Structures are given as C-alpha cells and as structure tokens.
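Trainee: Single-letter residue listing:
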Amino acid sequence: MKKIQYIALGLVMISITACKDFFEPTSPSSLTMQDVYSNPQRIESAIASIYEQFGVDRSYRNRLACGFQGLNTDIERSPKDKVKDPTAAAYATYSMILVNKDLSNSTGKDPWGCINSMIERANLAIEGIEAYADTTKEQIAYYLGEVLFLRAFAYSELVKLWGDVPPRFVSLTKDPNGTEIAKNDRNLVFDQIRKDLNRAAKLLPWSAQCPGKAHDYTGRPSKAAALALLARVDLNYAGYALRPDFIQDGGGAPYKVQLNTKDETLRAQLLTEAMVSCAQIINNEDTKLLDDYSQIFKNLCADVTTYSKSEYIWEIPFADGQRGQVMNYNVGKVDNCLKALKNNSSGSSNGALTIVPTLLYDFEKNDVRRDVTISPYRWFANNGDDFNKDTAKIHQAMPEMDPTKSRLYQRIQNAGEFYCGKYRVEWMTRERNGNDEGINFPIIRYADVILMFCEAAIGGITATSVSNTTGLDPQAQFNRIRTRAHLDSKPLNMENLMEERKFEFAGEYIRKYDLQRWGKLKSALTDATRRIADLNAHRGDFENTGDTVWYKFKIDNSYLYTGKDATVDTCYVIDFSTAWGLKKDENKCPAAYDKSAGWVAKNIFRGEEEDHIVPPDYRLYINESDIDKRHFYPIFESNLATSNGKLWNDYDY
Amino acid sequence: MMKRLFYILAVALLPMMAQAKVVTGQVTDMNGEPIIGANVLVKGATTGTITDFDGNYSIDVPENAILVFSYLGMTTQELPVTGNTLSVVLNEDNQVLEEVVVTGYGTTKKRDLVTAVSSVNSDQLKDIPVASASEALQGKLAGVSVTTTEGAPDADVKVRVRGGTSLTQSNEPLYIVDGFPVSSISDIAPGDIASMDVLKDAAATAIYGAQGANGVIIITTKDSGAEDDKMTFHFDYSGYVGWKRMAKRYDMMSARDYVLMQYEYAYLTNGESGLRNNFNFYFDPQVKRDNKGKIPSSATLTPVSTLLTYWDQEATSIDWQRRTFGPTWGSSLSSDDHEAYSEHQGFTSNHSISVSGGNKNANFLLSYNRVDDAGIMYGSNFARNNVSFKGKFKPFKGFTIGTSARYSNTNVLGSGTNPSEDAGNKNESRVRNAVGYTPVTLVARDAKSLDDYDSFGSLYDPITTINHNYQTKKDNKWNIQGYASYNFLKKFTLRVELGYEARYRDQDRYYGPTSFYSRDTPGPGIMKDALGDEAGDGTNYGHIIVTDQRTSKLRNTNTFNYKDKWGSHSLELLVGEEQQWNKGSLETLYGYGYDPSLYNGNNVFNFMGAAAKQTFKNKINDTDNMLSFFARANYDYKGRYYLTATFRADCSTRFARGHQWGYFPSVAVAWRMSDEEWMQGASNWLSNLKLRFSYGTAGNNQVETGYLNTAFLIYPLNGAYVDNDHFASTYIYTGGSDAIAPNADLKWETTVTRNFGIDYGFFNERLSGAIDMYWNNTNDLILLYKLSTGGYKNQYRNIGSTQNRGIEFSIKGVILDHKSKNLSYGLTVDANIAFNENKVVSLGGMTDYEVGTQCFSGNYLTQSSEFLVEPGQAIGRFYGYKTEGWYTPDDFASYKNDHWYGADGKVISTVLGEARPGMVKLVDDDKDGTPDKHVLGNALPLFNGGFNITAFVGGDKWGKVDFSANFTYSYGNDVMNMTALDFSTIYGSTKLRNLNNSVAYGNRYSMFDGDGNYIPKSIPVDASGYANYALLSSRLAEYNANAKMANPIMSNIALTDQFVEDASYLRLNNLTIGYSVAPKWVEKAKITQLRVFFQATNVFCATKYSGADPEVDTRSKINPLAIGVDYSAYPKSRGFNIGLNLKF
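Protein chains in written order, with the numbering used here: chain A, 1 to 653; chain B, 1 to 1144.
Just chain A, with the same shape it has in the complex (with noise of 0.2 Å):
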C-alpha cells in the first residue's frame, strides 16, 4: 500500500516540475518589447499605431485638424459663434472653460489623450529600436528619426494647445512611476524635442533617399520635415508666448505675455539654428515651390502624396476616403449638393472655418492668392427655391432652365460668411464617400521655411542679431513668395514679414501661431476687430467698399457630379470675371448690372433685420481683457480630475 501513497506523491511532484513555466505569467497573444522592436516590419507597424492616433476620434481627425484650434485670427474666424451658443466655439472666441463636450469627456476619448498616446507609443519605439534594433542599418535609422520625429511633433502641439506640460520622455513600462511626472516648463520640453529633432535630422535622408514605404512621400517624414519642425520650434522658442513668470504646483503664479527665455544668447543660438535649418531645405532641390499658388492645394486635394510634385514637407497622412474630415469641416457648406456637385457623393459639410472679410479687400491688387484663399460662395443644389422663392427670378438669373428642375449653383454669400478656398471637393479627384474623406491633414509647407529662414535672418521679432552665415539672401527668398504671388518685390522686415505670412497661410492654421510668438495676438485681434466695423461702415481702410455684390451666372457643367446616380444635370456659376464689389472701388453699381439679362445683386453687409458682421452675432472674441489668458485650452476638468494633481491650470482658469 505504500506504493500508492508513493505514486501520489510522485504525481505531485512530477506534476509542478513537468512545466519549469507553471508560475510564469505570459500573454501569448500579444507580444514582448524585443519581439517587436528586434524585427523591422514590426517596428514598422509599431510605427503605424503612432500614426493611427491622428485618425481616431476626437484627435486630428474631426477635431485638431478641423477648426477646434487655430481659431481665431485677425483673418480666420469659427462660424460656430452663434450668441445663442456660445460656448461651442468658446475655444475660438477666448472663453473657454474647463469643459468642452467636443475637446473633453468623460469617455476620455479627447486631444490629450490622443496626443499623450502617441507620445507613449513613441517612447516605447525609441526604447525598444535603441534596445533591439540595428540603428546603423539605414531602414531602421529612418524609423528611429521617424520616431523622434514624431514624438517632437506630438509634444509641439502640446506646448502649442496647452502650453506647460509634463515633460515625459521615458515609457511608463521603464518608469512605472511616469504617470506622477507634473507639469513643468515648457522649455523642458523645447530643449529636448530640439535635441531629438537634430537628432532625427541626422538619421532620416532627404525624401527622395528615404527607404521604403516612406520614399518620395510627404506623409512620413524626411531629413527636410525635421529641419523644418525644428525651426518651428527654434522660432517658437525664442518667441514670446503666454506663461507663468515661475512654475507652481497647482498654478496661481503669476502669468503674462513674455517671451520664453531671456537668455539672449540661447535666442541668437535658436534662431541661427532655425536659419540653418532652413537654408539647409533651400539648399536641397528635393523641395521647391510650385509656379501656381492654387496647385498647392489642388494637390491636397487630390490626393498627391508625391513629395517630388508636392510643396508640403509633412501632411498627417490619413487614409483614402477612410479616416480624417479635413473636407468635411474646412470646406465652404454646401447644401443639398449630394450627388450633385463633382466628386460629392456623400458627406456633409460643417463649414468651421470662415475668412475674416477684411482680408478680401486687404489683399494688393494682382495678388493671385485671394480668389484661392477666399471662396465668397457656397454651393447649393435644388431648383432654385433657396436663391429666390420667385420663380420668375430664379429663371431670369438661371434662364435655359425649367425653374422646377434642379440644379446645381453657387450663391454669393454673406461677409460674414466668406470660406477658405483652399480645400474644395470639386478638386478632389476621387469620390467624397462620406464625412471621413481621408484628405491629409499639411502640417508645413515649402513657402513656410522660406519665410521661416528669412524671420530667423532679420533676427526674428525680438530683432536679435544674428550673423548670416548660410550663403543665401533673405531678401531674395523673400522675393521667391511675393512673385510666385505675382507681387512686386517688398524690402524685407519684420513689419512687411508679418503681412506676408498673412497673405500666405491664410486658412492654413498657423496664423494663430505666429501671433502668439510675435506676441501680437491680442492687438491683431483687436484692430481686427476695428476694422471690421470700419469694413461695415465702409470706412477708413474701406472708404470704397460697397455694400453689394453684381454677378451673373454662367453655365459650367464641369463641376457637376458624374458618378452613379447623378442627379442634376446643370451648373450654374458666377461669372467672378464680370462680378463687381467684391473689391476695393467696386462700390457702385457696373454699367453692366441689367436686371432683365440675369444680373443679380446681392447686398451681403445687411439683411432684412441686422447687419452681418457687427457683434455680438459676429465677433472674433467674447472679452478684450480675457485673450491674454486665454491663449491655451484649459487642461480639461476630466483631465484634472484623473490627475492626481499632476496637472493643473493657469492662467486664472
């Protein structure tokens, strides 16, 4: 009987020692650090979930890359603002608060965590390459400079949406203790992405050398996405900006526009480098500016990704007709238009960015870049009942039609209600199949680093000195934009610098940006403002504007929808070659104007009942006195609240 009790107790033993790994915890499913990392497609697709944070919801997709930042100008305005809901554009008119249902809920789906994510991933990606990967191996040195690449684009738009943030740079799986890191100075921050952005510099090539998959394509970045990011950021840095005089947990320092460092040296250091690394990108005929201002955006919208044929150093690259609603949020409304407009099979338009109307009659004359940059109509497609309940004059405008029948056609809006041009649906080259069209998302642009090297030449708005050691002539860069313009030539300084980027980027969101580091956003905001109303009065600067606008349509069928199902089979246009009042002196009535023969006109300054660009309907912020607080966003209350007090707020918020 012993035998039995002998043969249990071997079974025991046998039965914990038979598998050495009986106490090891192991997810076979998922993988470890080294497997991913020490493997070159899997760090490739390690990569691809840094980038999948820009198309999840809430983050670039519908959100950052939509008008939820940027806004506004003295040139770009929210059409959100309505008085009866002010608080859906809060972020746009200088009043936010602590919560936002479009930036922050409760489901933590929002533009922090999207952003915290990526720079989570890419910190895993730096560790692991740096662990298990042959950096001197070229396709992996391009990951690895993609990698910081990107964590120093996340952690810029960081400081840029929130100013102080904490300065994380470890993995939470190196430091678990990584979620306790506070908020800190930015210059923390700025240090470091600059340290990585040189570092990047150095392991990606020039696009057309770059291996792969990210060879001659602008949706992954290239030697010339690294330099240009770093000049950003080297401007940025020796700008002025909104923030706290000292760093105190919790918040409550005292705060004011100033500039970042004060250090005179480091700026003269910051934007050497920013002129270096511009002239480097000028220097290289990998990146050039297009002969035709309009194509750059034509481009955009057709899906060219080529970077040899493309102005745009960097685009967030999302997926064809997948993900991303730059089309949807930035284009002009179109109402009704589906199936009828080219290329609008479905998909709604919001419309969240506007124009301010000053910038249409600011603009020289000659200037090729305002009919691009200002869409003063929005498409429409019915039989005409939106344009006039008269049937009669719906056919004396749009004759050779049964005023029954639908159309399509275009309708002069209101000032207050001027698109950007620069993204058009009928520019795309595929079908919009719904709200995520897929449209990348330009981060910068050619045009950019010129002006970026000749702002770092003239010593930048602190007028710091800085000696020119690149071989190239600002004022001749200079000259480049203003003649791709069809501009004469303007002396380059600071003051003519500001007007032209003005000009230039437009719609783009960066002017925003630029005003911040000039330290000029509260007094842009508040001429703008002035002259606005100077623009109602038709005043000042706008003694000879009028209040209407002449046109006649032309039929141009070119633009209609041709897919299946098409629904309408006219286009009407407006003849912009015979329209009048939409420029400076255009203030009375052509000759031409004849009723009978199809002319309309339109008064887009009043209507029946107010006039449409006078507060509070129309308004770039709530209160004067509150723009200097309120740069950033909050750091959201649901933030907060899951921050152990890691995070706080500024700025009297």
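Treat the hints with care, as some may be off.
16 Å max Cα-Cα, derived EDC-like pairs, lysine to aspartate or glutamate [as the list claims (entries may be wrong)]:
{"no.": "1", "chain 1": "B", "residue 1": "Lys1080", "chain 2": "B", "residue 2": "Glu172"}
{"no.": "2", "chain 1": "A", "residue 1": "Lys174", "chain 2": "B", "residue 2": "Asp745"}
{"no.": "3", "chain 1": "A", "residue 1": "Lys109", "chain 2": "B", "residue 2": "Glu850"}
Stretch by stretch, here's where chain A covers chain B in the computed footprint (C-beta under 8 Å, at least three residues) [what the hints assert, rightly or not]:
{"no.": "4", "region": "621–627"}
{"no.": "5", "region": "656–665"}
Think of the hints as simulated: they come from the structure by calculation, not from any bench.
Predicted model only: the values in this text are computed from it and were never measured.
Even glycine gets a Cβ: it sits at the ideal position worked out from N, Cα and C.
For this one, chain A is given, so just place chain B on it according to the hints.
Mentor: Leaving out everything else, chain B in the frame of chain A:
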C-alpha cells in the same frame, strides 16, 4: 429513500437454504406505514431478506435466532425470534437522517456545521421545471439571490451570494461540481443534481482561497446510491411537456392614436408648414406626389381629421408585438399572426432517463436529458442534450476508484436570440423594435440613413429585422474526472483526483442588409462583384461574424485525511495540494459582402467562403495556472464544542511575480448549547440550539487579465487610419483599444467575513432553521482608474473597498405529518428572508464612479451618469432629475406663432427643449436655471427571499396526491424603467415610433383637440400677432382637465423620477400538483413509482411595477454596476406543463 427500494432481482438470486423454521411479520414505521425494502437479517449468519411492498417478510431461521431489522434512516433493532410471527416498529433515527453537507474537499453532517452553509437537496429540486440548476435555487436559500435577467430560454441567470462584493469584476460565485471547479452550471440538468450547498461566509469559502470571495456553490450529482452487497438495477424516467405564452404585453397606442401623436409631433416640432414633409409624407395616401414620392409644395394636403379616420377605419394596422411574441393566454393564434409565428413557438419539453445499478463495490449511473424550448419569440429556439455517467469501483478493502463524465451540448438557434446588450443604440433591438414599430404601414419611407437608427421611418419591420439578426450559438462541454482514494489504518485516507473540462463555444452571427452593422460596416469601396467590379459599399450586403471560443481546465488535487476519535474528542485533519491549468483561445472570423439574394442566416454559414472579403483575428488567453496548498482541522468535544480552522495558500499566474501568492486563513467556533446538561430540562421541546462564530478571508481572482505588462497587440490596418500604401499592413500597439496602462502590481480582491449564526430546532426538529448575521469587507477592489498622465486613458488598480452587512433567517416547519396505511398526510412550509446592506467604502481617492447603461446616446442628457456610485453609499442608486408636473399656460404670459413667452417676454429654455404647456417640468432646487440631479431610487432590495409550501395526502388504496408551491419575493428595490422612458417620449431621432398608452390622447397633456385641430390656432390674435392669452389659457385648461401625463414631445430626454419605479414583488413561481398511483396497481408491471403531475409556472406576480416584469436586469452585462435596468427585455412567459415520473 426510494432509490433503493426494489430488490426483486436480488431476492430472486438468493440461494434457498434449508432452515428449521419460517418466521413472517411486518415492518412498519411509527405511523404504522409499512416499510418497503427493510433489511431483515439473521444475526451471525449470511441469511437475510427484505420486506415486500406491504412491509411483510418471510424468512427461514435456525432455532434461537436473533433477527436484525434495519432500514436507512431508522434505528436498527435486534429482536429474538420467539414464535412464527415477529412484527416490528422501527423508529426514525434523527441523527442519521440529518443531511450531509459538502464543505469543500470533504463533508460534514449538517448538525456539525460551524460555518454558514445553506443546502438544497434533490427532493426540493425534482419538480421544478427549469432548464438550469441555478434557476432552481430561486427563493430556496437565504442570502442567495437568483435573478433571471429576462425571459429568453437562454437568459443569463445572475446568482449573488450575500450581495456580491466587487464593483467592476465578476461577482459570480465559484461553482464546484463533484469537486471540480467549472465555469458555468447552466449545462447541468437539474434532475442530475443530488444536492447543492452554498458556502456563504469566508470561514467556509477560505478553503477555496483566491477564488472564494463571492461564495461557493457546490453541486453534487447523483450516483447510483447502491450501498449494499446486493446487486440492484433501476430505471427512471421523468419528463414533461409545456406551453408558454407571453405573461404581459406592452400596452401600446392604437393606430388612430399613433397617427394623431405623429401629427402632434410634426406640428409642434416643425410647425404647420413642416407638416408636408414631416407628417403627410408618411401618412397621407391621397396627396399628389412626384415620381420620387415627394410631395410638391403645390400639392393640397389631406386634412388631418380625414387621415385619422382613414387610419382608424380603412387601413389595417399590425400588432407587431403579437407577431413577434405571439398572443398572451386567453387569446389564440390566428391567421392575423405572421405566417412565421407558429404553434410551435412557446412549446417546451424536457425528458430525462437514467439507468443505475450495482452494489456497494461496483455501481454506476447513466443519465440522459433533453430539453427543448422554442421560446415565445419568433425565431428563437433552444435545445440541450446532457449525458452523464458516474461510476464507482472498490477493488479491495479501503480502496475506491470513482469516475464521472458529463457531456452537454446546448444549441441556441435563430434570429430571435441576439443578446440584450445589443438593445442599445445603433443596433436593431428585437424587443424594442417589435413593441415600438409603427402599427400602420407608412405611405412613404425615408431614405436609409445611418444616423436614423432610432427612427422607424427608415428601418424595417421587426420580423425582417429579426431575420437580419440571425445567430446560432453552440456550446459543447465535456467534463471527465476520476479519483482514487485509499483508506488505511482506518484513520487515514489518501485521495488523488484528476479532472479535465473542455468547452467549445461557437457563435455564428449573420447581419442582413437592413441591420445597422451592415449599414455601418464595412467602408466603401471594398465590395467587388463576381467579375471583380466594384459593387458599391457594404450597405446592401449581408455580413457574418463567426466566433469560436475554446477553453479547457486541467486539475489535479491530492488530499490526505486523518480522522480520529478518542473519548469525547474527535479530530479531523485535512491537508491538500492542488494545481490547475486553464487554457483558452478565441478566434473570430469576419466575412463581408454576401449577396442577400443568395444567402441568408439559414444558409450563409454553409458557404462562408463566398464572402467578398474576410478578416480574421484570434487570441490565445494569458497563462492562467494556479498552485494551491491547503489544510483544515475540525475538532469537537462531545459534539458540543467545535473548532474549525482552515488555511489556504494560492499562487495564481493571473498576476505578476511578486503578487502571485496569497494566504487565506479562517477560523470558526461553535457551541451546541442544547446539549449542555443544564439545558436538559428543555430537551422535550428544544431539539437543537447551536451558536456559531466565524472569521476568515477569501479572494476574487476572476479579474480581467492581460493588463499586467506592456502587451503589444497586432491589428490589421485595413486603411482604417492611415494611408494604406505607405504603411505596414498591420499596426501594433499596447493596452488594447481603450488604452489601458499596464500595472504589474495588480492582485486579487480580498474579502474578510465575520459571521455569527444560530441554528435552532424545536420539537424533534419539526421546527428548525437558522439565523445568520454577517459583516463582509472587500478590499483591494480592482477599479479602472482614469488616468490623464502617462499616455493611457485608464489603469486597473487595487484601490476600492466595499462592505456588505446583513442578516438572514430561514425556517422550516413540518406542520402536519401523519402516516398510516389508510390515510397519510403532511404539510411543510419553509421560508427565508435576507436583509443586506451594501456600502461603497472607498473608491481609492476618486469621488465617484461613472456608470452608464448605454441605452440611449444622442439627445439623452443623463448618459454616463445614470447611477451615482460614491463612497459611503450603496451601489445601485439611480441618478437623474426629479419632476414636478408639467408647464401650464400659467407659467407663460403670452403666445405668438408657436412660441410661448414668459413674463419677461422671452421663451423659457429648458434642458429638455423650449418650454411649452404640457412639457414636463424638472425640479430646480437652487433656481439657477439648470435642473438638479438627485438620487431617485435604488436597485438593491431592502430584503428578499422566498417560501415554499409542500403538502401531500395519500392512502394505500388510492395513491397519493402531492402539492407544492414556490414563492419568491423582493421588497424595497426599484427598477430603472428605460423601456417606459423609451415609449413615453418622442424626440428627433425617435419619430415614427409608437408610444405606450399611458401617453395616449386623453391621458397626455395636449394642445390639440381629438381631431387634430391645434387649439392655439383657433384663438384670435391682436395686431402684433399675440394670441388672446386669457382665452387660450382657459381653452387649454378645459381640454386638459383630465390630463394625467406630460406631453411626450421634447428635444432631449433624460432619466427622471417618472421612470424609477418600486419593483417589489411577490411571485408564485411554480405550482405543482402531482398524483402517484397506488403501488399495488402497477406492481405487476414492476413499476415502483408512477406519478403524473401538472404544473403552472410564473402563476402570478403581484407588483406595482408598470413594466413587463419587475425581476429584470438587462444592462449589468454592459456594466456590472448598471443593475436593475429594464430595457428591451425579452418578455417573461407564463406556462403550463404536464409531466410524468416513472420508476422501475
């Protein structure tokens, strides 16, 4: 006792021996009832016999023999033979009769229990027509609450022992079947169960260590019961057939009322000018339309009064509820019902056969059970087969080998069975759709729109919807166990057990073109037709999701037992060791783009390869091994003072190294006061009084796994986020889709229990029961901590704690008990009641915890905070707005053009929309213009329990009639009636839905007369367009003098106190009347028992709750804290069964 009655076979085999004398006699019990099958042995010889059906025996005995009469449960008697007859009356042996309770790795006599254990035996289970064992527990045990979450045949049965402890993790008790821990007991035929024991306090559950915190339910299945030398053989059959019908219908508006409601809605939300597109478009069959079905602006609209008459009298309306769920009792199926709804629906049958036999050295039991339950809903069907085998073999003295094997196969078929979690937004929900679908056939419909998933203007009828939500579920489970036990030197037992369980669960789902899934998935451009041309997006196709889940468990347990008794001391020691390996995997196949003209739910799974596109994913579960050591000592002195101590050490690989080991000690003491000498005076009435106290800890390791380490997961990119051509085709990231940060410090939740109990028995146990008081604290609760630093959104942390305190009473009284040959009768009542008080002690620094039911999304104001979970308060508190009637014209000062203006000349904006008379008014305590949220009720009952009445009357000559009734009740709990909210409000996306009769015209406040005339329109206006307000007020007041409900039209909806209802109830769950024929009549056919019975289930439910059934819990699967929510529940049924028990 019936199982070992019939020994014909054995008797026939008895060798005939020459003897000196024949003795005959009868063996009866104290009531004069003959005892059948009693043993009669000649002392000191091998000769013996058993009594026949009349208790008579006849035996040859030598001279001066002594006969030994014995029978299980009776005191054995030895009597010398003095003449030729010897009759004897055997007395009941209470000590022996007392049940044995399984306490985990061993058994204890119920009398000697030191911990809180409740038990149910097979007699209490045998007549209850339920498909699952857990349902059979309903109302039987104090402190064990059993909720059938809804009425579907495969509905979840939620079992909670003493309230449940965890906030976010599993609260399911641990199930042990014949010593083996199993994932579910839903596959065990109730007829196979010999007993169920529920371990409630930690002193009892500590022996299960890290798995025991939520209580342990131990099931012992039946074996052959052969304990004699003689060979026996039995055959049992029992079964029933039954018919079920919906117990309670939703009372919805008639066609005319519906159309009038839609008219009101269109008028009030879009104005008179909007009627053309928002009312006449759907309801005007006479108006002129263009070739697209649109009504041109020039067309003359038919007056609403004409349309109301038309829809009331000329058009037929459809009762979708009846087409989907069939009629209720009292109305029969008719040709009106959908052709698909057949008589078969609602039919159930249940058949069990068992064969057992053997003797005490080798025996077996083999049983088969088949359940069919067609369900009351169109398209539902449920079938289960169980086969089980149990055998025991004793090759030589002291050595036992046992084995058991079970196989079960459950099939849930058809479209009617999609899970209730789907009932929320964006998914076609079976019940909701059936109840709310338009009762009239709309003249025109909206174009399909994804955003319109709530509106029935663009959706399809319930039957189509059900067909397009087809699924089959197959659940196959095998369980094989064996043990060898060796008893040596009388005091020692060594036992080795080995068990293996495998479970294959397959779920095939088909989504037809009308389903939301198909309309939403997949993106455009991927569909190719047979020639490879693009055939448009996925919206006109069917799609499938096939999941195969495999789990297995291998377990080995080795125990060593020592049992000794000296003097008045008895001691039992147990030491043991156990290891478990759990493995699992999940494979999911997605098939897209099946042409609906070729494939439907019935055949698509035969041709899955016909997909235009397929994707696949799988997951192998994380390591889940456990190594345990445990020990227990039971000591008692004179059967009067007891001490039990247990200790278990568990090592679980669900946690990271350094957190794998846990130690679970417990101690319990008891004192049988009634046995003290100074209590002897009371012994004539007090048969038992025992005090117990215990203290112990147990853990809950049933927690989410996979969050310990940074785990990199692979997903196909599929163009979902970034440009496909320039990235890898997969992406790898950590933390899963909801971005959960790793936490290597996670460990199990731990519960500490203190229990004080009293067991009592009076009048020789005619009245007995127990009282238990407990106080449980659960610490280290795992909560999903929200995180805004670190790049993840959440992290699981052991940070919370909860507390449950309660008191439980149970009582059993044998009120009548008379046995005699001509007339026997008995009446037994048992009852239990349990009070539990739950409190969240800590949320680890968080001030509250968000709980959402996800029933509604857009326009729903109280979305993620329908429950207020905060420290110091119980879980289950509903959180929403209080109402105070509705706005009346007195709240406004003027009216112009559909707008109502207050005294300040402005419209009154409320969170529910712009105020108008009839709109519900929310309480705004601080008058800041925003209504305040309040706690509106609590899903937890004050007390609950059940009671049972059993009775019989019988006589030898005519058989026996038995009766049993099983009641359950709950008091003080509220239900969040989301169905009522759903069906008594109408807003943007829910237009064209039918509402319930509580808001029918006449009940609701309305600004229209019964013919659809807008009352304000009939009031004269002044020069600036303002109505004569005094006249308007009085007219509205006059029309609404009898209004009982606010107007259902609003812009937003919210959870308000109107939808929180007291759901206390008393239900007669089951009523059974049986008749057993007198044994004599069937004796010749060798039948020992023949019983027919009739049963009624869910006979009545007394409640004030207005919904379909107060026992409902449809959302706790979405979030374990979203308890007591009634939303789109499969209706409960009322049924009648006829059955038969037969024994050979």
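Trainee: Work down the list of hints and note, for each, if the structure agrees.
Mentor: Structure-based check of all given hints:
Restraint check for Lys1080/B and Glu172/B: not satisfied, since their Cα atoms lie roughly 48 Å apart, outside the 16 Å limit. Between Lys174/A and Asp745/B the alpha-carbon distance is near 15 Å, which keeps this suggested pair within the 16 Å criterion. Distance hint between Lys109/A and Glu850/B is fulfilled; the C-alpha atoms sit about 15 Å from each other, no more than 16 Å. Counting residues of the region 621–627 of chain B whose CB lies closer than 8 Å to any CB of chain A gives 5, so the stated coverage by that chain holds, three being the minimum.
Figure legend: the region 656–665 of chain B, annotated as covered by chain A; annotation consistent (3 residues with Cβ-Cβ distances under 8 Å, at least 3 required).
Violation of the numbered hints given earlier is confined to hint 1; every other hint is satisfied by the structure.
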